[in-house]
Structures are given as structure tokens and as C-alpha cells.
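Visitor: Below are the chains, spelled out letter by letter.
There are 2 protein chains.
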Amino acid sequence: MMKAYKDMSKEELMTLKAELEKAYEDAKGKGLKLDMSRGKPSASQLDLCMPMMSILDTDSILNTAEGMDCRNYGILDGIPEAKELMAEIMGVKADNVIVCGNASLPIMYDTISRSMTHGVCGSTPWCKLDTIKFLCPAPGYDRHFAITEHFGIEMITIPMTEEGPDMDMVEQYVNNDAAVKGIWCVPKYSNPQGIVYSDRVVKRFAALKPAAEDFRIFWDNAYAIHDLYPDEEENLLDILSECEKAGNPDMVYEFASTSKVSFAGSGIAAVASSVKNLEFMKKSMTIQTIGYDKINQLRHVKYFKNLAGLKEQMKKHADIMRPKFEAVLSILERELGGLGIAEWISPKGGYFISFESMEGCAKAIVAKCKEAGVVMTGAGATYPYGKDPKDTNIRIAPSFPTPEEMAQAAELFVLCVKLVSVEKLLAA
Amino acid sequence: MMKAYKDMSKEELMTLKAELEKAYEDAKGKGLKLDMSRGKPSASQLDLCMPMMSILDTDSILNTAEGMDCRNYGILDGIPEAKELMAEIMGVKADNVIVCGNASLPIMYDTISRSMTHGVCGSTPWCKLDTIKFLCPAPGYDRHFAITEHFGIEMITIPMTEEGPDMDMVEQYVNNDAAVKGIWCVPKYSNPQGIVYSDRVVKRFAALKPAAEDFRIFWDNAYAIHDLYPDEEENLLDILSECEKAGNPDMVYEFASTSKVSFAGSGIAAVASSVKNLEFMKKSMTIQTIGYDKINQLRHVKYFKNLAGLKEQMKKHADIMRPKFEAVLSILERELGGLGIAEWISPKGGYFISFESMEGCAKAIVAKCKEAGVVMTGAGATYPYGKDPKDTNIRIAPSFPTPEEMAQAAELFVLCVKLVSVEKLLAA
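Chains A and B supply the protein sequences, listed in that same order.
Sequence positions in the first sequence follow the numbering used here and run 1 to 428.
Sequence positions in the second sequence follow the numbering used here and run 1001 to 1428.
None of these hints come from the bench; they were simulated from the model.
From a predicted model like this one, the values you see are computed outputs, not experimental measurements.
Hints are not guaranteed to be accurate.
[As the list claims (entries may be wrong)] Derived contacts from chain A toward chain B, CB cut-off under 8 Å, selection only:
#, residue
1, PRO106
2, CYS127
3, LEU129
4, GLY265
5, SER284
6, GLY291
[As the list claims (entries may be wrong)] One-sided and incomplete, this derived list gives chain B residues near chain A with beta-carbon spacing under 10 Å:
#, residue
7, GLY1039
8, ARG1071
9, GLY1074
10, TYR1109
11, THR1124
12, PRO1125
13, PHE1151
14, PHE1263
15, GLN1288
16, LYS1294
17, ILE1295
For glycine and all other residues, C-beta sits at the position ideal for the given N, C-alpha and C.
Go ahead and model the full structure; you've got the sequences and the hints to work with.
Guide: Written as C-alpha cells, this is what we have:
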């Protein structure tokens, strides 16, 4: 058992600091150049889908089952077979799905942009209102927060619990403040904590009584089938049917994509919602686009076929990802366990490990890593406005480096955590 | 020489009407089911590009020349080689290009949407202003007008001349009314007239002195390389360099795509503008998207290689399109020439033939065609708000049907034109 840093004398800490500083100088000398900043698939994951490149060939008939030529104009909301596939990923009905372009982020952006200029199903355009607020469970996904900030939407941080956002606080805001128009959620293997919203949390979401008729839940189900341990898959309740049961059929937009199933940036993405919401979205979409890339939709359908095909593929992804996650987690445990200077969560899926340092240390740790050649997601990025109030959260993205690189990066990371923590304790 | 209808006596017209009515009833009996409503490529054109389907195969290295893996996240504004290709189509420099997604319409929509919510390079967001006006040369492209209408932008019709929009009127509005923020242009083989803007017109555009600092020309160069007679290609001046020379470097956004080069809806699209404008666009794009489909960009680059490769392909398109255009034009000439009831333009490129009926006849002609199984673009669609003030313009889209179908459709069309014209003359 290691001695907790807080139990060390000043002398012990000074000695430790000198050792760590030397180790850090040595590490810098190695000239590392590693990137753990984004949830990027690794090359070996991308290699898995290379057969997709030739699944449509010169002789392929590129018609849908209904006989529509996917090479030509037509079909606004996705070919039927792609709707089926994306519906299966989300666990919803195909009638509730629009299949869009190469990633889900633009669907979310467009949904907010449309609400700004055209309102939601007949409500006042948000740009005509003085204040629009969004609830932001945090730590969360920086690109969500970037969208709301870009449109001048006020962001309110909601703490995360082990089973999802703090629902007391969510209910308090949503049910009483008509300026609250939305909430960002990553309900399964949340970014960055890997938390799966419990059934109780999902049911409380579905049972909200929003003060604003144009309040919507932005349910970014980015990691719906992204299990690290496919045999122990964690189940997430279907929010659409829960909302319907609770008398709130129009309260949610759900998003998903194959960005981390096939190719990042060349996948297909979809939104699921009530028919009423989809019809309203399509009124703008039919002006905005002549339709999305149906050939790529067909390519995905021919390759994956159905949910079973997708899950088979995801097992291969898991086989590549799992050792990297486990390498990081074992180094964290080995090097930081018992020191009382850090906490972290061992996720069962998704793309991240969420790490909590001592208060006021996260920025310094990330800076130290960078100085020695390991780029992490900027500290604070997981909070609205990029400001982590306690400066503790660091998002670790183990997917892109090789397992060897990942181990090197993790060793450097724990070294930086120790060094910054000692400095902090000595300065206290 | 046919006798002009206006020179016919009432009795002659009555006799003619009876003949035409009988012919029309016969035509209806044929049970035609043809669509000339949109500028859709035909199946044989789409077949031309089928080798693209397997140009990337299981063993392909999908890196850019600079070594970026196109299968993964990264690169917001298009892979360098795709920028080069799209720059060549537009006759601009690659530094002035952003390559986007599957079609150009969403780039135009997003550009206006962004101006509504975020202004233009620092100007007041348009949604905060009482009135925004766009100039709409007409007849023009219905989807342009649909975008401006969708955002509540007031549309002002500008008549077309043989060499482009009426520039006296354009200058009058742009240089004096600060509410005028934009103009829609299809400068080469304009939709629907097939007019190529003359050098003089382009230079007058470049020399505008807009009252509004956030006035922009929306230069939709959709048919940049879409010649029907490749050996007689009509040259269009490069608006970007003309604007730069005239001291208006930021005044234009140019759009282009491969929608009618490779696949409609599965091509690649681009915007060209000054670096200042592109930087402003990218500030939003980096929030909106994780980047566009780089694999499809690479697919296009590998297949077409360069402008010479594109032009070779476009010759094959022209070989398929030309007989259809010529079939329609010869039927128009044979059946309507000298009757004094219609005018039309013989285009050298693009996707349409623009037809002018007698005043107040276009809607009735299109309705009669539809009744007999031939769907045309809705009359009026080529004008802002779908309202052709004289009810004369009909857009003929000969690309999709086979030459035989096209001839059938054209025969029905001229019959409807004659019948409606006679009815009109008798009612006068």
C-alpha cells in the first residue's frame, strides 16, 4: 500500500518532488509525440471496414429495394433500408428516423440553428427571444457546449451522478424556467465518464413537465453499440417510447452515427424523433438539401446488413480498444492507487476514461504532459465555456495510439499527476 | 410557313381547336408517364461513373498526398487534392476553396443561415434587422428562391437580358439600398435560360459599390463545365479575380459541385471566396461539423485526376444530353415555328430549355401536360414566390427521359401549347 500524499511530511514531499522532477526531465528527453486528445479510432479499427470500399462495384445495381436509383436525386430522409439500420442502432422504429449525412454533429448543429431562425414546431424563433438556456450535464462533450456557445445560448452546468445527470436539478430548471429550451445528454457510455443513464433517470427525463413547449432533450446516443465488453452490454431504456408513454411524445431528439463503427467522417448519421418533430425538420431540410448521400447509405446497408452485423463488427472494435483501456487503467491503479490524489472511472464502453485530479491541478497536469510531448484534451474542455470550476477533470482518450504508445503516454501522465499534486500540496 | 395564330379568323381557330382537342384526347389515351420536372441526370449518364465505385478497394491506401488518413477525423476544409480539383472547375486558386459535402445547395443554405444568426464578417446578424432583401434575376432557379423565402428575405425580381441580369437595375438596388444583402446568380448556362453572363456583365458585377458592407454575390456556377458542344465552350470570366481587381475582394461566394459530373447527391461540392470570407465561414463550420466526407473527396480525385479528366467525362455527358436537347428543339421549331405563340432559347450547355408562352398560358399548359401524364416543373417556379407575373415561363428539363420518351413528351408539350394558345385567343 502506497502512502497517501496528504499523510506525507513536508520533507517527504520535497524528496518525492525532486525524484519526480528528475523522472520528468528524463521523460522529456524521450521526445514523445503522442495524441490522446480526441476520440479518434485507430488505424487498425479503420482497417476493419476496408471491405466496404469495394462492396459496391462497377456492376452493382444501386437501387433501393423499392427501386429508387441511389445514384440520382430523390429521397430527402434516407433510403428505407438505411432507416431500418439506424433505427436498430437506436432501438426505435424506422418511421421515427431520418438518415442524414456523414456525421451526427451537423444534425445537432442544424437542429439548434433551425430553432434559432424558425423556432420549434411553431414556437417563436429563439433568435427573437432575449434569453435561451441549455442545461449541460458536466463533465460532458465539448462539441455540444461549443454549439450552444456559438449561438449565444446560456449554459447551465448540471452535475453528473453515477447514474446520469442530477435529476432533481434538471427537473427544477426544466419544469420552472421557460427560457430553458434544451439539455445535452450522452446517455450511454457518456462522454467522458462512460456512465450509462439508469432506467430511473431515463424515466425521470421522460416524465419532465417543461415550462417551455419548445423544450427538447438532445439525446446524443453516440455510443449506443460501443461496448468494450460485448457480453456485459449495459442496457439503456429507449427514451422515445418512454417519452411517449409519459405523454411527452415530442420532447426528444435522438442522434446516432456510424462514425466509430465504419469511418470517422465518412459514416452515416441519423436523428430519431416523433413524426411531428420530423415533419417540422423536413420542412427546412427540403429547402436546405437535395438529399443526403444515398450511395454511402447503401454501402453501409450492404456491408452491415442489420444489427447483428453491426454487433459483430463492434466486437472487433472492442477487441482492439479493450487492451488500451485496460493498459491505462492498470497504470492508473498501479501508480496512483492509494495516493489520495486522484479518482477515475473504469468504463464499460465508449471512447474515454474520465479522470479527477486534486482541485486546481488539471490544467497544470495537461500542460506538463504537453511539454513532454503528450497532447491531452484541454483541461476544462469537458465543462461549459471550457471552464471546469474546480479544475479537476481530465478526459483521457486511449483509442488512437497503439497499445505500446498508450502505455508510454499513461506512464508520463501519472508522472505529471504526481508531480503537480506534490507541488500543489507543498504550495498549500 | 405556318400561319400565325393571331392572323387566324375565329372560325379557323375554332376548327383548329377541335382538331387539337381530339389529338389531345388521343394523347391522353396513350397513358404516358414521363417526368421533365427536374434537371436529373439520366441512368446512362450515371452509368458513366460506375468505375468510381471500385476505384478505392480493399487494398487502397486512403491517405492524402500529405499523409492524412482520409478514413479518420481531421481536415475541416477539404483534402488538398480535392481543393485543387474543385478550384480547377471554378477557375480559381485552391487557397480560395473549401470542399464540403455531397451537394452545393446546403453550402448556400448554410451561408444564408449563418448570415441570419451571425452576420457576415462582423456585421449585424440579419435576424436582428427589420428587412433583408435579395435580388433574384428571373427566370431563375427555384431552389435559390426557396432558401431566401424560407428565411423571410424579401425577394426583388430582376429581369434577365441576353447577356445576364439587367445590370442597370442591379446597380440601382445594390449601390443605394443597404437592405439589399445579396443576389442569386447562375452565371454560366443559367437555370433555366442557358445564358452565359457576358464579360461586360461580370465586370459590372465586380465593380458594384454596395450600400451594405455585408452584401454578397451568390455565384452558383453549377454548370461550369457542362457544355453541350464542348468544342464551342463559352467562356465565363472569373468573378473572384475580377472582384479583386475592382477592389471588392470579399464581395462574392462562388459555388460548384460534381452533382452532374459524377453522381447527383453523392458528389462533392465546394465554395470559393476570399480568404477573409472563408476564415469567417470556418469559424462556424468548425462548430457545425467534424469535417466532410474525405473518402468521397479522395474517390473523386482518384477518378477524375484533374480538369482534363473532368472534361473528358463531360464530353461523354454531352454526347448523351445533346440528342435530347436537339430532339426537343427540333420539335419546338417544327411544330411551333412561325405560329407566333411561343419563344425559346437554344442553349449551348446546362440542363434546361427555357420556354416562353403567350401571356397567361404557362400554368394552363403545364396543367394540360400533367393531365396527359407528362410532369413539367410547375409554372411560376422560375420566379420568386413561385409567381411568374406574366405567366409565360416554362422550364423544360430534357435530361432524364430517354430520347424516345423525350420526343413523346415534347410532342405532347407542343400540342398542349397550341391548344392552350388557341383557347386563350378565342377567349380574348
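Visitor: All hints, please: hold or fail.
Guide: Status of the hints after comparison with the structure:
Residue-level restraint check for A/PRO106 holds (minimum Cβ-Cβ distance to chain B is 5 Å; threshold 8 Å). At a threshold of 8 Å, the smallest CB-CB gap from A/CYS127 to chain B is about 4 Å, leaving the interface hint in force. The interface hint given for A/LEU129 is broken, as the beta carbon of that residue sits about 11 Å from the closest beta carbon of chain B, more than 8 Å. Hint status for A/GLY265: holds, given a least beta-carbon distance of 5 Å to chain B, under 8 Å.
Because the smallest distance between the Cβ of A/SER284 and any Cβ of chain B comes to about 7 Å, under 8 Å, the interface hint for this residue holds. The beta carbon of A/GLY291 comes within 5 Å of a beta carbon in chain B, closer than 8 Å, and the hint placing it at the interface holds. Given the 10 Å rule on beta carbons, the hint for B/GLY1039 holds: about 8 Å separates it from the nearest Cβ of chain A. Hint status for B/ARG1071 relative to chain A: holds, with the closest Cβ pair at about 4 Å, below 10 Å.
The restraint placing B/GLY1074 at the interface with chain A holds, with a minimum CB-CB distance near 8 Å, inside the 10 Å limit. At a threshold of 10 Å, the smallest CB-CB gap from B/TYR1109 to chain A is about 4 Å, leaving the interface hint in force. Annotation: interface hint on B/THR1124 violated; nearest CB of chain A at approximately 12 Å, more than 10 Å. For the restraint placing B/PRO1125 at the interface with chain A, the shortest Cβ-Cβ distance is roughly 7 Å, inside the 10 Å limit, so the hint holds.
The beta carbon of B/PHE1151 comes within 6 Å of a beta carbon in chain A, closer than 10 Å, and the hint placing it at the interface holds. At about 5 Å, the closest approach between the beta carbon of B/PHE1263 and any beta carbon in chain A falls short of 10 Å, and the interface hint on this residue holds. The criterion of a C-beta within 10 Å of any C-beta in chain A is met by B/GLN1288, whose closest approach is roughly 4 Å, and the hint holds. With a cut of 10 Å, the hint placing B/LYS1294 at the interface with chain A holds, because the nearest CB-to-CB distance is about 6 Å.
Against a cut-off of 10 Å between C-beta atoms, the interface hint on B/ILE1295 holds, since the closest Cβ of chain A lies about 4 Å away.
Checked against the numbered hints given earlier, the structure breaks hints 3 and 11 and satisfies all the rest.
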